[in-house]
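Participant: If you want the building blocks of each chain, they are given just below.
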Amino acid sequence: MLNINCPYCGDRSQKEFAYGGDGTVKRPELNKEVSDEKWNEFVYLRKSPRGKHIELWHHIAGCRQWFKVQRDTVTHEIFKTAKMNEEIK
Amino acid sequence: MSQSYRLKNEGLINRNKEIIFKFNGKKYTGYEGDTLASALLANGVHLVGRSFKYHRPRGFFGAGVDEPNAKLQIQLNGHSEPNVNATEFELVEGVEASSQNCWPSVEFDIGAINNFLNRFFPAGFYYKTFMWPKSFWYKIYEPFIRKAAGLGIASVEKDKERYEHKYEYCDLLVTGSGPAGLSSAYSAAKNGAKVILAEDKPRFGGSLLTDDVTIDNLSGKDWADKIITELKEMPNVIVKNRSQVFGYYDHNMMVMFERTGDHLNDKPKYTPRQRLWYVRAKEVLLSTGSIERPIVFGNNDTPGVFLSAAAKEYIKVYGVLVGKKPLIFTNNDSAYETALEFKKQGIEPIILDTREEQSSELIDSAKNQNIQIKFCHAVISANGYKKVRSAQIGKLNKEKTGFENLQTIECDCICVSGFWTPTVHLASQSGNKLKFNDDIDAFIPDKSKQNEKSVGASNGTFTLKETLEDGFKTGFEVSKNITNNNILTSTPNSNETKKSAHDKFWCSPLPNGKNYKRFVDFQNDVAVSDIEVALREGYRSIEHVKRYTTLGMATDQGRTSNLNGLQLVANVEKKIVPQVGHTTFRPPFTPITIGTIVGREIDMEYMPTRKTPMHTWHEKNNAVFVDAGAWKRPRYYKQGNESLFEASKREAKNVRDHVGICDVTTLGKIDIKGPDSAEFLNRVYTNAWLKLPIGKARYGVMLREDGIVMDDGTTTRISENHYHMTTTTAQAANVLSHLEYYLQIVWPELNVNVISTTEQWAGAALAGPKSRDVLAKLFPNLDVTNESLPFMGYMEGDLFGVKARIFRISFSGELAYEINVESDCGLYMWEKIIEIGKEFNIQPYGTEALSTLRIEMGHVAGPELDGRTIPYDVSLEGLLSKKKDFIGKRSLQKEAFNKNDRQKIVGLVPTDKKSSIPEGSHLVVDKNAKLPNPKLGHVSSSCWSVENNNPFSLAIVKDGKNMIGKKLFAVSPLKNTAIEVEIISSHYVDHEGKRVRS
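Quick mapping for you: the protein sequence lines, in order, are chains A and B. If you want my numbering, it's the 1-based position in the first sequence plus 1326. If you want my numbering, it's the 1-based position in the second sequence plus 32.
Bear in mind the hints are in silico, worked out from the structure with no lab data behind them. Note that this is a predicted model, so its numbers are computed, not measured. Misleading hints may appear alongside valid ones.
[Unchecked claim] Counterexamples of contact, computed for chain B against chain A with all Cβ distances above 10 Å:
no., residue
1, Leu183
2, Val188
3, Lys399
4, Gly463
5, Asp659
6, Glu737
7, Pro780
8, Glu819
9, Asn982
[Stated by the list, open to error] With a cut-off of at most 27 Å between alpha-carbon atoms, the simulated BS3-like pairs for lysine-lysine come out as follows:
no., chain 1, residue 1, chain 2, residue 2
10, B, Lys990, B, Lys945
11, A, Lys1358, B, Lys921
12, B, Lys546, B, Lys530
13, A, Lys1406, B, Lys406
[What the hints assert, rightly or not] Derived contacts from chain B toward chain A, CB cut-off under 10 Å, selection only:
no., residue
14, Tyr281
15, Trp779
16, Ile919
17, Glu979
All residues carry an ideal CB built from backbone N, CA and C; glycine is no exception.
So here's chain A without its partners, still in its complex pose (with noise of 0.2 Å):
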């Protein structure tokens, strides 16, 4: 089990947060033209990478905020949270 750090309560068990995908992906502006391509890409591709990657996390039996996590999907090294507005690197 994970011990996640909510950038907004702290250190929590991985029981109270839903895993919420890739954190990289960002969905195309509303009322612009996408191609197919594009949003096939959006909808359904996902990258599955060895190693470090951000992801999403929804605190739902906490703060209900979504937010980053780094994680290494090898070891399950958790790097860095961050809030959505901020950058991990």
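Let chain A serve as the given structure and place chain B on it in line with the hints.
Facilitator: Coordinates of chain B only, in the frame set by chain A:
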């Protein structure tokens, strides 16, 4: 004679408290502080079970978690438990133990015939034999294997015991209270760290309880007692005995199994039997010690063969002799300590040492006490069937590959020592790749992947002095990094006997012409010959050898067999052990009970129950409930002997004819506030929301980004920047997460806040032609006429002193209202409506009638919005705005979503107007077609139409818009039905939707 192997004065047991227990139906006595094993041994009982495959007689071998043989069925307080380790189970009054895997008895076991047929049971026997014919598998092979396999018998009774879970945090978790654990826990605690010290056994001290050492001029045991007493008094320390840390998970999540009540005869009320601890530790110190490994020899599984350290522990801790004529067989010095303990009790041991004659402190001390030592000797085989009677021994030749002369020695036990194996299971579980240490011929932890460190014997440090130094130092350093304190505890002086090097002798060779079974893994009956067969047949990877032979796969996880198995493979393959590698260690380290894993989450506590504020009323009025997620909802209100079918028909008919009331509290409710709320709803829903006036409700559909319908519901504009959204009961949580996702991540610039108010509002739906009459009487001061409160209108009112929200919305298709009041007033509102509605024939209706009403009307719900349908499929395409963008809109351009023969919702009526159509039925053209019969669609919802008095269903059918008027078959292989149906419109009642607007 009772307890004839019990020593007069030795041991840590409580001789003032005698305990009577039963084993295989016979009564025995032991003492408080005994294990089942020590008490049986005190009574001279060695034969405790039969082996897994060959049904060979087996006795005790170890004295703790190392035990591979003594797994017993335990009966206690009317509760039966299989596979209990007798060397760990603490003796309690009234316990009845019995042997497993034998029939009719452990003394005479029919299955032992396997032993004499063992040449027919080589490695991989089951794989090779039961391959064909395939048809034999279910009827003949599987039942046979099931009967032959397995150990104890699982109880089919409900477990009445109480189990608990506990969560704890600490700076430092120390696993094991031997010298390494005590010293590191003590020095870390002194330096201010929050420490948990866990000891598997009832007594603290580990090897200090049995080793002849002094620390700080105290005996090992006295020093351990002193440190434990001090630790227990420190507020920053939790000390736990009977607690096995069995799992090392991610981010230093340690899981520990505590036997809180097993040893208590009169367990106080609410004391759990066992407790599972989840401990999140900043640092973990693994002081799990080491386990002695045996030397493999012929018939080494005969009862009476022990690990030498176990024999010593039985003397020192339990005051029990495992034999009175011991033969000690060793390749190292530590078994000499066992010999000296026997000698101290007036017993004459004989030592066989595989090494050349040599001198060391221990060897000299044995010599000085005139103990007979035979150097360069080994045990070839144990003689005796149910108990060791003698041993065949031999002088080893120079290469130690054969014997020069053979001889039989009388003995009643053989205590064997093949040196020590560090217990590295937890380190390995943490992700630490182990490395082989040539000095001790065993694996030790290498680089840490998590915050863990091994100290003492588990790290391959076998001297007390170094262990203490390492323990005190590590405890200090680790705690310093956490607490920033700098309180250094100095290492006490210590005394121990020095030991000389061990011999790399792991397995006695077979003399010419002899073919003794030499067991490597006792619990799974894996002999040297099985490993040789596996290698001969081409298995090379140690993981494959393990699975083919089952070496190390039993509940003892190969604690005494792993390294001997690896040495054997290495010898045959002419490799060294590190090249062979080792198999993976996985949790749990020791078996734990299912009850502990489940904890208190059983029955009612399995998940929370959500009840609406009107629940007690429903109960009083004979509601039959149905689970909707965690909610309990009335399915129908039973009158007299009514069936579900009859009741739901009556309730639905009453809504169509008069007026009904339904508890709709469970619908998801989300409060939406903020100046950008309208814009947000406009993006979330498929239809237009910017111009919804205050005091009006609107039906909306939301999609996922892939164009699939996610949920539907009504949202009402309460005031300028305040909306009230409803969701389906099932999707309430998902919709909230969905809204939060878009507000927080995608469009953070929108000034909107959302919060769930499902629990805050109690809801009642008032439906039927008379509902306005009831409403008018409920709110005499309000104008509730069609002009003032039209369809999709909203009002606030005073319901006999309670503030109420009135929505004119309808799921039943009738003239209907939904009234919400604050939850606390829900029951009050409900009772008022029932009271006032009496004169209008009001009746409550449950979910079954609710479904009937919406199906008849062709309103879609969960069965239609099943995660596979787009708006077109469920005839909601009219709600797709062409003017604006919304979530999922771009996906609707997909080719497959725009095909001419796209599936669509339709209605179905059986042509006989009688047969109910099972939900889930497939729609096909020819009911007798060859399988797989081409499927045109499926039946999503079925009901008995109270309006038309015949069955009616909704279905989603390929090319649905052109199918009206056609006939198909609804086939259900599950129900074995094939019903001819006519396809009609999905709106079976009030096609024009007049009633809701009336």
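Participant: Each hint should be assessed against the structure and marked as holding or not.
Facilitator: Going through the hints against the structure:
{"no.": "1", "hint": "Leu183", "result": "holds, 31 Å"}
{"no.": "2", "hint": "Val188", "result": "holds, 32 Å"}
{"no.": "3", "hint": "Lys399", "result": "holds, 54 Å"}
{"no.": "4", "hint": "Gly463", "result": "violated, 7 Å"}
{"no.": "5", "hint": "Asp659", "result": "holds, 22 Å"}
{"no.": "6", "hint": "Glu737", "result": "violated, 5 Å"}
{"no.": "7", "hint": "Pro780", "result": "violated, 7 Å"}
{"no.": "8", "hint": "Glu819", "result": "holds, 39 Å"}
{"no.": "9", "hint": "Asn982", "result": "holds, 43 Å"}
{"no.": "10", "hint": "B:Lys990 x B:Lys945", "result": "holds, 23 Å"}
{"no.": "11", "hint": "A:Lys1358 x B:Lys921", "result": "holds, 12 Å"}
{"no.": "12", "hint": "B:Lys546 x B:Lys530", "result": "violated, 39 Å"}
{"no.": "13", "hint": "A:Lys1406 x B:Lys406", "result": "violated, 64 Å"}
{"no.": "14", "hint": "Tyr281", "result": "holds, 6 Å"}
{"no.": "15", "hint": "Trp779", "result": "holds, 8 Å"}
{"no.": "16", "hint": "Ile919", "result": "holds, 9 Å"}
{"no.": "17", "hint": "Glu979", "result": "violated, 42 Å"}
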